[in-house]
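Q: These protein sequences, in sequence, are chains A and B. Numbered according to our numbering, the first sequence spans residues 1 to 264. Numbered according to our numbering, the second sequence spans residues 265 to 485.
Treat the hints as calculated values from the structure; they're not laboratory data. Where is the CB? At the ideal position from N, CA and C, for every residue including glycine. Just to be clear, a hint being listed does not mean it is correct.
If you want the ones that stay clear, here's a sample from chain B, every Cβ over 10 Å from chain A, calculated [to be verified]: (1) Glu415; (2) Thr442; (3) Thr475; (4) Ala482.
Interface residues of chain A toward chain B, partial, derived using beta-carbon atoms under 8 Å [as the list claims (entries may be wrong)]: (5) Trp6; (6) Ser34; (7) Gly42; (8) Ala46; (9) Leu67; (10) Glu137; (11) Gly143; (12) Phe151.
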Amino acid sequence: MNFRRWTIIRRLVQVGVLCLIASPLAGFSFFQGSLAAGELLGIPLADPLAALQVVLASGVVASAFLLSALGVTLFYWLLGGRFFCGWVCPVYLLTELGDKLRLLIPAGKLEIPLKTKGWMLLAVACITALSGVPFFEIVSPIGMTTRAIAFDGRSALLCLAGLLLVEVTLARRLWCRSLCPLGGFYALVGRVAPLRLRFQPARCSSCGDCSRVCPVAEVLVPSLDHGTEQIRSGDCTRCGRCVDCCPEGALTYCFGYSDQGGPR
Amino acid sequence: MSGAEEETKRVSRRHFLKGSLALPLALTVAGGLLTVPSLRRADARGFYLRPPGALAEKCFLGACIRCGKCVQACPYRAIRLAETDAGVAIGTPFIIAREEPCQLCTDLPCIKSCPSGALDKGVTEVEKVRMGTAVIIDRENCLSIRGLRCEVCYRNCPLIDRAITIEPRHNPRTGVHTIMEPVVHRDKCVGCGICEKSCVREQPVIVVQRTPLPQQDAYEF
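Use the sequences and the hints to build the structure in full.
A: Structure representation (structure tokens):
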């Protein structure tokens, strides 16, 4: 399929999020803040991991803040957990760029398990509780990017350039696939999310196009091999690249749970 | 699940321990070891003049999620975000009073904008704000203390005659004049930094510093 519908929509959403974060610079006031916490048309939004860290680090409980974090969690639960990664996060866009750059130069092929994200989430929680500072908000490339866009954070851009360099030279999509604790959090949410990819084994010609474009092929391929009806893994970012590239239309988005089992 | 699929799914114990436990654990431990020493004490990098309503520095660093909403809420653009050189305080809001002090808006929009409670919503009156305390750090260069009629900090103080008063005393140098000395009152000063901004000397002789902790001692009189 040449017309990459979902990829185009997704790019528009990603760029839209960037514009939203930058909009206060142009004098607009419908969005304020960043991805850690913001306000869209008067609706308070909060990053659930940031809220968790505040409670762990300082013990300060702002109920409105926690409620908005819960709302955001429910939103991403509905849309598939790591939907945040694939559609919203600016660092994902950056590492997608790194993925493109990898085609141009000899790139490293280190593989780190996807599960590491979960361990990173645990490590962030432990370090935050022990050190009394919201650890991930300090080192997060997501926070650095959004601050660099919304405010003038030039020195943070250096860190992002470093991240891109590591992505290209060491391992493909290292940060987003294996290391980001926020991705780890949304992967947990995504395991029970109703928006999933539907696979129709009868249509599949086993061409392998989908596993070539999938950023987390190690969870896509076992599901396809198993002939399962849905991709049930939380690591799936619901980016829709496989939907776009499948020449047989065997992969589509679907909403709801199928009873059939299959690999996570 | 059929037999053949079970075959492919079966993972040896060694492989599992190595790939799914050891490597991620090693990575997180290594990352933690690398980063924890760089988390310095809250006051290790000196005093940051925080926006109104900020919790005590240690608690503030824990509660601030570095979102920057207070920066966008400040109508005077007095609040800025710390850069990477601030260490653990990266992305936290602070004010450089000499460049743009806090103008103490009566509705305190920065506190209202803070989602996480790092700026305490309980602070609703500007008189209750405690960002720091103004201190005359260079008495020799203070024009008023030298006997001239400057008093610019006093005139500009939003809490004039409360946070800063003028205390006249005899000028022993000339013998016939009066020294109109500005005196900061710690219990009233909110630490907005307007005096620091308005000081006419090239280097401000009055600056906002961390509010000293009250000390209990036996020297009551």
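Q: Evaluate each hint against the coordinates.
A: Now the hints, each set against the structure:
With 10 Å as the threshold on Cβ separation, the claim that Glu415 (chain B) sits away from chain A holds: the shortest Cβ distance comes to roughly 37 Å. Every C-beta of chain A lies more than 10 Å from that of Thr442 (chain B), the closest at about 48 Å, which supports listing it as non-interface. With a cut of 10 Å on Cβ distances, Thr475 (chain B) stays outside the contact zone with chain A, its closest approach being about 20 Å. Distance check for Ala482 (chain B) against chain A: the nearest CB is about 34 Å away, which clears 10 Å, and the non-interface claim stands.
Annotation: interface hint on Trp6 (chain A) violated; nearest CB of chain B at approximately 30 Å, more than 8 Å. The interface hint given for Ser34 (chain A) is met, as the beta carbon of that residue sits about 5 Å from the closest beta carbon of chain B, less than 8 Å. Annotation: interface hint on Gly42 (chain A) violated; nearest CB of chain B at approximately 12 Å, more than 8 Å. Hint status for Ala46 (chain A) relative to chain B: holds, with the closest Cβ pair at about 6 Å, below 8 Å.
Checking Leu67 (chain A) against chain B by beta carbon gives a least distance of about 11 Å; that is not within 8 Å, so the hint is violated. For the restraint placing Glu137 (chain A) at the interface with chain B, the shortest Cβ-Cβ distance is roughly 5 Å, inside the 8 Å limit, so the hint holds. Annotation: Gly143 (chain A) was flagged as interfacial toward chain B, and the flag holds, the nearest CB pair being 6 Å apart, inside 8 Å. Using the Cβ-Cβ criterion of 8 Å, the hint placing Phe151 (chain A) at the interface with chain B is satisfied: the shortest such distance is roughly 5 Å.
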